[in-house]
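Peer 1: Keeping their order, the protein sequence lines are chains A and B. For the record, in the first sequence the residue sitting at position 109 is 109 according to the working numbering, with numbers rising by one throughout. For the record, in the second sequence the residue sitting at position 12 is 12 according to the working numbering, with numbers rising by one throughout.
Just so you know, these hints were derived from the structure itself, not from any lab. Treat the hints with caution; some may be incorrect.
Which copy is meant is left open, because identical chains are indistinguishable; a pair holds if it fits in one copy or across any two.
Below are the SDA-like pairs computed for lysine to any residue, each with C-alpha atoms no more than 20 Å apart in a straight line [claimed, not checked]:
(1) Lys-107 / Phe-55
(2) Lys-318 / Gly-225
(3) Lys-141 / Arg-237
(4) Lys-141 / Val-249
(5) Lys-285 / Asp-351
(6) Lys-293 / Gln-358
(7) Lys-293 / Gly-268
(8) Lys-51 / Ala-101
(9) Lys-318 / Ser-181
(10) Lys-285 / Gly-225
(11) Lys-285 / Gly-268
(12) Lys-141 / Leu-13
(13) Lys-318 / Arg-182
(14) Lys-318 / Asp-184
(15) Lys-107 / Asp-170
(16) Lys-285 / Gln-269
(17) Lys-285 / Gly-220
Protein chains: 2
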Amino acid sequence: MNTLAPPGAFAPLQNDTFIRACLRQATDHTPVWLMRQAGRFLPEYRATRAKAGSFMGLATNTDYATEVTLQPLDRFPLDAAILFSDILTVPDAMGLGLSFALGEGPKFAHAVRDEAAVAKLAVPDMEKLRYVFDAVTSIRKALNGRVPLIGFSGSPWTLACYMVEGAGSDDYRLVKTMLYSRPDLMHKILQINADAVALYLNTQIEAGAQAVMIFDSWGGVLADGAFQEFSLAYTERVLAQVKKEHNGVRIPSIVFTKGGGLWLEEMGQLDCDVLGLDWTVNLAKARALVGQKKALQGNLDPNALFASPAQIEAEVVKVLNSFGTPHSGAGTGPTHIFNLGHGISQHTPPDNVAALVQAVHAHSRKLRA
Amino acid sequence: MNTLAPPGAFAPLQNDTFIRACLRQATDHTPVWLMRQAGRFLPEYRATRAKAGSFMGLATNTDYATEVTLQPLDRFPLDAAILFSDILTVPDAMGLGLSFALGEGPKFAHAVRDEAAVAKLAVPDMEKLRYVFDAVTSIRKALNGRVPLIGFSGSPWTLACYMVEGAGSDDYRLVKTMLYSRPDLMHKILQINADAVALYLNTQIEAGAQAVMIFDSWGGVLADGAFQEFSLAYTERVLAQVKKEHNGVRIPSIVFTKGGGLWLEEMGQLDCDVLGLDWTVNLAKARALVGQKKALQGNLDPNALFASPAQIEAEVVKVLNSFGTPHSGAGTGPTHIFNLGHGISQHTPPDNVAALVQAVHAHSRKLRA
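Chain A with its partners taken away, still in its complex shape (with noise of 0.2 Å):
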């Protein structure tokens, strides 16, 4: 890809504690992000979203996704940017037509429901995403070195629960019926999805993109035995092909799967760097189950930002302590990255993400002390 600038020309990092926990090395506060911290919960995320008109005019226009994506930064001490898009981009660049009706959720115009559709399906050329690509060199430029910033896709299985319901579902109805009755179309979408996810994320991160990130936000609503199958086996799909380094830098990759808790065991053999974790898992529990084999990512029920800053401080403690004390000293161990068990709500008070990441930082600093 042509992108705006080699990225060679990037500023160097100053403030690497994301990479480092990711990578299980010692920091000296537990580093903190918040799912979706671009979004509706800040007024001047709404002022540039009416600028652009509709939801893909903001994330197909580099400036304002580039806009955006910093707005959370100018307002608190967030120790990493996530690029601002939409999980769906892939199968839009397939051709199923993605469009975001005001206040509903994504619709794509042709599902895939049959075997002429499959047929149909293919890696879509990267051009088609460009704009993908240009707002992850904008924004990289744009961050100038501030915090690192985080590319993503959704999972094989995620992107073809929207391609074939053609939208949110509450039962998972017709991709689990094609799932238990036609396997064998639903293993060709997953393999097409897993291969272009892959390639998508490499081009992001030789874009400029310094983590990547996996959105598995429907694997858990598969039957046991059936996510194993027609998720975990595609998410590795895609991590055996995404670049673990680039231009000599090593490129972490997290794998969150919402409702995945049950699965930590199996998770913690994936070939990635940290797993995130909704807020129905025991961050003890899930340091014993998964090793010392990855960083864990998590986990705070995103309505606990509704309560009082007082009190939003001692859920965080909470979540803190769960994890117990971090790695520190030379080389690696276990680490902690905070973020919320799922994405910000847009009602959220801004003073109160304010006071979450105030108490992170504080008390994660003492935790080490």
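Fit chain B to the known structure of chain A by using the hints.
Peer 2: For chain B alone, kept in the frame of chain A given last:
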């Protein structure tokens, strides 16, 4: 309560497979029933529902409630019946004004969101729920000993979710805001709910219910720690008050927490006979975690019923095999009650249910041979 007939007048039980399996006694096949088996997937249910005019018109009419409870038994050789009712009858009796708009979920006219509303809550007079107990007695008589009748209630936490939200929710923001910011109010609601649920279940038992089930449909949305404090503790408070026997006959109790798979060891300590499991749980692992204390109920993904009969049979065999060989011989040991991991979908073809029941009975006999 002055029920329609004294319990002594009920016919003796002809098929006690379900009750024996609840009590971890040997059976010649694995009993099977389906959550929401009396429901919209059956055309005869839809016909009765049309006659009744509304969901509550159906639930509050003894004859209709009896009719629809027995409908699935006339089609399929199920091993248990479950009272046709709704989990929200108790808060309705508390005066919150339950209604079901066509095509939508339940709604309360008076949501409980502040101190004043909480102060007004009390364990309701069971006379207001007389229609439920009359239905229990009527159904028990109509069953005439064919299979046992299961009574049920929502769990204290699940009732509280609806009471605070006022309806279903996809983020539980209002109820969790109360939980995190006013835990004192939340505990007050849960105490009242627990005592009301216990009285409600005991009155169902007096009216003729031969087993009782607590549906903790929304326990799984809670954070680790919050689940134990706000859901599990109040399920325990219910169980501590529920009759273990009636007229000298053991009344088994079942607890089902959807999404509760991460807390199975703690749930294994509950004073109940059976744990219900959703499809995310591996039955072999569950059996190991729960130990020799409980029977297990579950856990096929309801969406598997959209596959072909041969594929359904294969999925049934997987579930039965994942539990392994149940106890046979004298005394007690590990037993399994087959069910779905959640209520059956209204879109399920009835013939596929026939295939499921047939497969459970046939393969589970082979497992014992």
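Peer 1: Determine for every hint whether it applies to the structure shown.
Peer 2: Now the hints, each set against the structure:
In this homomeric assembly, Lys-107 and Phe-55 come within 20 Å of each other (Cα to Cα) only inside a single copy, at 12 Å, whereas the closest approach across copies is 32 Å. For a Cα distance limit of 20 Å, the shortest separation of Lys-318 from Gly-225 across copies, 9 Å, qualifies, whereas the shortest one inside one copy, 33 Å, does not. In the homo-oligomer, the alpha carbons of Lys-141 and Arg-237 never lie at most 20 Å apart, since the shortest distance is 31 Å inside one protomer and 58 Å across protomers. When the C-alpha separation of Lys-141 and Val-249 is checked against a cutoff of 20 Å, the pair qualifies only within one copy, where the shortest distance is 17 Å, while the shortest distance between copies is 75 Å.
When the C-alpha separation of Lys-285 and Asp-351 is checked against a cutoff of 20 Å, the pair qualifies neither within a copy, at 31 Å, nor between copies, at 43 Å. With identical chains, the CA atoms of Lys-293 and Gln-358 are never at most 20 Å apart, being 29 Å at best within one copy and 45 Å at best between copies. Within a single copy, Lys-293 and Gly-268 get their C-alpha atoms as close as 7 Å, which meets the 20 Å cut-off; across copies the closest is 30 Å, which misses it. Within a single copy, Lys-51 and Ala-101 get their C-alpha atoms as close as 16 Å, which meets the 20 Å cut-off; across copies the closest is 38 Å, which misses it.
In this assembly of identical chains, the alpha carbons of Lys-318 and Ser-181 lie at most 20 Å apart only when taken from different copies (15 Å versus 44 Å within one copy). Taking the shortest alpha-carbon separations for Lys-285 and Gly-225, only the inter-copy value of 12 Å comes in at or below 20 Å, while the best intra-copy value is 22 Å. For a Cα distance limit of 20 Å, the shortest separation of Lys-285 from Gly-268 qualifies both inside one copy, at 13 Å, and across copies, at 17 Å. For the homomeric pair Lys-141 and Leu-13, the shortest alpha-carbon distance inside one copy (11 Å) is at most 20 Å, but the shortest distance between copies (76 Å) is not.
In this assembly of identical chains, the alpha carbons of Lys-318 and Arg-182 lie at most 20 Å apart only when taken from different copies (17 Å versus 45 Å within one copy). Taking the shortest Cα distances, Lys-318 and Asp-184 sit within 20 Å of each other only across copies (19 Å), while inside one copy they are farther apart (45 Å). Taking the shortest Cα distances, Lys-107 and Asp-170 sit within 20 Å of each other both inside one copy (14 Å) and across copies (18 Å). With identical chains, the CA atoms of Lys-285 and Gln-269 are at most 20 Å apart both within one copy (16 Å) and between copies (18 Å).
Both within a single protomer and between protomers do Lys-285 and Gly-220 lie at most 20 Å apart by alpha-carbon distance, with minima of 18 Å and 17 Å respectively.
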